[in-house]
Structures are given as C-alpha cells and as structure tokens.
Amino acid sequence: MPIRLKLSLWYSGVFLLVITLFCTYIYLFFTHREMNQIDFHLRERAQEVHQSIEIVDVFPLPLRRLVLPDINVFSSPELFLQIVDMQGRVISRSESLGEYSLPISTEALNHIVRGTPFFETKNVQGTQIRLYHLPLVSGKQFIGVLQVAESLYGFHRSLSNLRWLLAIGALTTVTLSALLGWILARQALLPIHRIIETTAEIEREGKLERRINYPGPPDEIGQLSTQINSMMEKIEQMYRELEESYEAQRRFVADASHELRTPLTTIRGNMDFLRKLYKEKGVLSEEAMEDIVDELERVSRMVHDLLALARADAGYHIQMEDIKLTEWLEDWIHKGKGLAKPDVLFHHEETPEELKQIKIKGNLDFLKQISLILLENAFKYTSSGKVELRCSLKNQGVIIEVIDTGSGIPEEEVHRVFDRFYRGGNVRNRPGTGLGLSIAKWIIEKHGGTILVESELGKGTKVLVTLPYSKNTP
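Per this note's numbering, the very first residue in the sequence shown carries number -4; after that it's consecutive.
A portion of the hints provided could be inaccurate.
Stated by the list, open to error - Listed below are the simulated EDC-like cross-link pairs for lysine to aspartate or glutamate, each with C-alpha atoms no more than 16 Å apart in a straight line: (1) Lys375 x Asp338; (2) Lys381 x Asp414; (3) Lys363 x Glu325; (4) Lys436 x Glu406; (5) Lys441 x Asp360; (6) Lys319 x Asp360; (7) Lys454 x Glu406; (8) Lys363 x Asp326; (9) Lys202 x Glu231; (10) Lys202 x Glu242; (11) Lys356 x Asp414; (12) Lys351 x Glu322; (13) Lys354 x Asp317.
FYI, nobody ran anything at the bench for these hints, they're computed from the structure.
Please read these numbers as outputs of a predicted model, since none were measured by experiment.
Sequences are here, hints too, so could you generate the full structure?
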C-alpha cells in the first residue's frame, strides 16, 4: 500500500473518530437540554394549574374537597392535563385527551404517596409522552394528583432531524477531509518522489556526481536530502579512489613487468654469451659475469621494494617500540659517510644535548630503510657538491632534513615524486626503480609522521621528515 494512501486513511480515520465523538456529544447535549426544557415547561404549567385549584373543608365532616378550574384553559393540542382523586378516579381532564386517560405507574404512586413530584416517560396509544405527577396535599392529607403531560412527537422529530444533519455533516466533513488529506499527502510526499526519481536516474545513468536539489526548508525531508547527498559524495569519492587505485595497480603491474623484463633480458643475453663462449674457447667472460651479478642485485632490490609495497597495500602492521633518537641518527651518519664520494661530500651537525633525551616510537629496521632511501637518492642525483643532514625539534616533532645540491626536480613534477615507478624526465638515464620514495612515505606515515619534498631545478632538493617524539625519562 502506498504511503500516500496510508497517510490519507490514517488521517481520515482519526478525523472520523474525532467527528463521531463530537457529533455524539452534540446529540447528547441537545437531547438533555430539550428534555430539561420539556420538564421545565411541564413543571411550570403544573404550578399554574395548582395555584388555580382551591381546597375547601366539608363541614362538619373532617374531609376536604377540590374546587377545580377549567383546566382546558391551561391545555393545548400537545399538552394534556388530568386530575385524579385519592381513589384513583379521574375527576377532571383536558379536552385534548379525548377519551384517553393518563396512566399512573407503580413507581409514580410510590413517589406520590411520599408527596414527591415525579417525571416519567410513558407510551399512550402508540404516542410517547413526558408525564409529570404533582401530588395535591392539604396539610398532611393527600387529596389527589395533578398530571401534566406533553407529547414527545416533536422532540423525537427534532432528534431525528438532528441525527440526519449530524450524519450528513460528518460524512461530508470526513469526505472533504479525506480529499484534503490526499492532496496534502501528495504535496508533502512530492519531494520524496523527486528524491526517488533522482536516485533512480543516478543508479540508471551511473552519474555519481549528481546531487539531489531540494529547495525546501531544513525539515526532515531536507535533512534526508542532505544525508543522501553526503552519502553520494562519499560513494563518489570511494569510486574515484577505487578507479585511481585500479589505474595505479594497472600502471604498477605494467611498470613492474617492464622493470623486471630489462634485467632478466640482460641476464639471459649474458648467460647465452657465456655458454657460447665456453663451448668455443672453454673460458668465461669476467665482464659478463659482473653484468649478471649487477642485474641480479637490481632484481633483488626491486623484489624487496615490491614486497614492501605489497605489505603497504595489504595494511601490514609494523611492530613498534621505544627507540632512542641517537640510535637512528647514528645510522644516518654511518650511511652518509659510506655513500660520500670525492665530488660529493657529506656534512652533518653534532647531535645537540637536547636530542639525546628524545625517544621515538617506531621500528628501527624500517627507520633505517628510510635513511637509506633518502641518502641514496640524495647522492645518486648529486654529481658534485654536498649532501647535508640536519636534525631539530619543533612543536612536539623531530624534524630530519636531507639537503643536496644536485640536479633538482622540475616544479611541475614535484607532486608526483611519491608515485610508484615515477621517475622524472631528467633522471631516467640513471639507475633506479622509482619505488624508494613511495616506500619511505608509507613507512613514515605508519610511524605517525609526514614527509615533504622541496626542490628547484638545477639547485637541489630538500626532504623534510617529521616524526612525533617523547622525552626519555630515566
């Protein structure tokens, strides 16, 4: 069942209940009020007749008799009067009664004997009447009963008309309210239908960049639109990241295949050459053997780097422990001195006392891999000049700076240095796989740090590594 129909039915049902209760109250109120007016009229007319009746003593007997007025003066076609004596004989009645007499029930007699006026509703010859019994008493002596009655035909006709009026009014009101509820539900649910249509179009056309345009107030529907748009943004972002990841994976596989194919081709060529040379002359070429060893080392490094990146993609968890910063700095200095060349000097500052009290949370083996990658890159791309190592503290972070005076990186290529297998056009003739900075970035981020590259073509490059630290308390 559509929600629009449900809302209309619920609205109509509740309204029908309310209007029924209201009409019932109106009907009961009118019935009670009209009956009270009839009773008041009967009581008032009975008092008028009672005041016109004279009670005289019968001398010398201890009896009293009634001197009655012409009660027809007080009657009308719808009003009946009757006087009954102590023996229950009708001693006077209005002409409007014709040949009929007003009844006296047992319950009425019980009240009359006690001298209490009494109202009751009786059925006389198929006509319902409202009957008022007024005892006639002189002193303590019961003399008779004055009965005043009125036909309830007009009363019941008024009630019947009221019932029809209320029923027609209620049905008309409920019908109009149901129609109005249907229209209002349609208007209220119109934004929902637009949301459904928009989301269906997004699903059908695959346009994740589309959004729901809701110009209405920030009500529940507005909040729903906002939440759906927010969800669509996240889905679009995730889809874009998935596409980028797929493209990066495709490029990664292609680059890895190319990088591995080159050394393997070289190794195979040298092996064929050695086999042919050995068959012809019975000797081996030392130069060819050295090429094979170099290419095998290159393949080994590449496999090692690929394994590190595979760990990164698989969410590899690095085991951390507290490490003295000086241990890591000693590794930097040791590697820097080992990589230094006559044309490329290595310069480092003495470790300040404040750094000797610093600890970092990390894995020393992975941290040493960072120092190797960054220093190798610095010396590899510096033909002459120097490579400088600096270390300082700032804002709860250890800052390691590797500064070289090498060839530098073009400004438009700096943002791509962390892409896998990426190598700038000015360094492609030098050995390397283009994986080092990607691995370094992953390790640094796993340690809660950041890495930043600043470079200027022809003037050199500066790499800044920032890691969180804690004081070394004894």
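A quick look at each hint next to the structure:
1. Only pairs whose Cα atoms come within 16 Å are accepted, and Lys375 paired with Asp338 is accepted, the gap being roughly 12 Å.
2. Annotation: proposed proximity of Lys381 to Asp414 is violated, straight-line Cα distance about 26 Å (limit 16 Å).
3. Of the pairs offered as hints, the one joining Lys363 and Glu325 holds, with about 10 Å between alpha carbons and a cut-off of 16 Å not exceeded.
4. With a CA separation close to 20 Å, the supplied pair Lys436 and Glu406 exceeds the 16 Å bound.
5. The straight-line distance between the Cα atoms of Lys441 and Asp360 is roughly 13 Å, inside the 16 Å bound, and the hint therefore holds.
6. Between Lys319 and Asp360 the alpha-carbon distance is near 13 Å, which keeps this suggested pair within the 16 Å criterion.
7. This hinted pair checks out: Lys454 and Glu406 have alpha carbons roughly 12 Å apart, not beyond 16 Å.
8. Distance restraint check for Lys363 and Asp326: the Cα-Cα separation of roughly 7 Å lies within the 16 Å cut-off, and the hinted pair is therefore satisfied.
9. For the suggested pair Lys202 and Glu231, the alpha carbons sit about 9 Å apart, so the restraint of at most 16 Å is met.
10. Among the hinted pairs, Lys202 with Glu242 is inconsistent with the structure: their alpha-carbon atoms are about 20 Å apart, more than 16 Å.
11. Our distance criterion of 16 Å between C-alpha atoms is broken by Lys356 and Asp414, whose separation comes to about 27 Å.
12. Between Lys351 and Glu322 the CA atoms are separated by roughly 9 Å; this keeps the pair inside 16 Å, and the hint holds.
13. A hinted pair counts as satisfied when its Cα atoms are at most 16 Å apart, and Lys354 with Asp317 qualifies at roughly 6 Å.
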